[in-house]
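**Q** Let the sequences and hints guide you as you build the complete structure.
Protein chains: 2
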Amino acid sequence: MTRYKLIVEYDGAGFVGWQRQDNGPSVQAAIEAAVHGFCGERVTAHAAGRTDAGVHALGMAVTLDLTRAAETDTLRDALNAHLRPAPVAVLSAEAVADDFHARFSATGRAYLYRMVNRRAPLVLDRGRAWWVPVPLDAEAMHAAAQVLIGKHDFTSFRASECQAKTPVKTLDDLTVARDGEVIAMTVRARSFLHNQVRILAGTLRLVGEGKWTRADLAAALNARDRAAAGPTAPPEGLYFLRATY
Amino acid sequence: MTRYKLIVEYDGAGFVGWQRQDNGPSVQAAIEAAVHGFCGERVTAHAAGRTDAGVHALGMAVTLDLTRAAETDTLRDALNAHLRPAPVAVLSAEAVADDFHARFSATGRAYLYRMVNRRAPLVLDRGRAWWVPVPLDAEAMHAAAQVLIGKHDFTSFRASECQAKTPVKTLDDLTVARDGEVIAMTVRARSFLHNQVRILAGTLRLVGEGKWTRADLAAALNARDRAAAGPTAPPEGLYFLRATY
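First to last, the protein sequences are chains A and B. Going by my numbering, the first residue of the first sequence is number 1, and it counts up by one from there. Going by my numbering, the first residue of the second sequence is number 246, and it counts up by one from there.
You can trust all of the hints, since none of them are fake.
Which residues of chain A face chain B? A few of them, derived with a C-beta cut under 7 Å, are:
no.	residue
1	E9
2	P87
3	L91
4	A120
In short, the hints are calculated from the structure, not lab data. Glycine is no exception: its CB is placed at the ideal position from the N, C-alpha and C atoms.
**A** Encoded structure:
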């Protein structure tokens, strides 16, 4: 048996999410089917993050085991050939230790949330960002967001269906920066609660609009109540960037 | 009568091109229909560049005349509402002088050609760039391309169906730069021949692959023969950036 780590890019639009489900196509099933097409093996693919429906990945880490070893460039190219035309691509493949696990070995995860802040509807960024037609102050968003850094009870920023054992997480970094009409929010933590990044984005929008102050954001965090934070931003703006090990 | 200048973004994928044609939807017809939907007027929209099927625009300049004046923000928003769901958006609208013409008044045009240079097929950039899976040397492409700057007979870089009166054009700027896996070629000139930018991109790829030298590129230019240059790069990598007046 050889374990492989893949780095995978996908467009989440047509998928029910990373995880295999009965109600539609998943990225996991697409990759497992490509492996079967390539070598006939039935494998289970594990990802560093189980993204929701509509959420994209620029560099998802995935592990899977093959009974017969394959040359890594061949594996990458063959999986890409079998994945076609699904919007999933294997960027790289490498052999890793047998006890390395994409999910359980990860020591950090980074996400990007993209907003396009302009009056006109999205065209070339349609499905690739959250369209925010009202003016946002990205500097104010960044400054206020710093109250969230560190170890906190993030109950206010957690979906009601979240199955994590504890709402306490450590947010290592949250950066908001504008480049023209694009506002990028990047976040880093060991792990995140369900919908945490999207609720952070939806809440920081309120700061960007001038409706909320830094103190309001701190109060929302301290409330430990999902109703105290802002709305959940839509999935099409969210990208899994990378896992660190 | 009031003349308006619009700045328009569009995804060229579903269109036969800018210009109205019998064989499918055009950007021009979409905009003219939106104007009719907004105010009932039948107008002709003129663009700075008549892009081909599949070619995108980030900032196409368009002029059109309305019998009854409209507030420019209202015009922009109303056209966007009527354009939905077509992948066309009006970024801005302004009133201009009656003798201002998007095409004939333009003193410069800029295009971007995007290549994604990586082994894995495109996913999030699908339809937004030319996938080039073999390694390209962007610095060599930039250096060689400088032989094309200035006033030349560009017959070698002109589609056979080009209807321009003369093949002599002045290329003001051609820059090739890599940012990660993206190679961006930007070009500026008063005007271009039919397919000139795509033939430049297709030919510079040969330089990037190491198949052609700077001297080969100069020889292709001097040959004044379309067969002496490289292939025409696909439309999905090409973007009309802006016109200057």
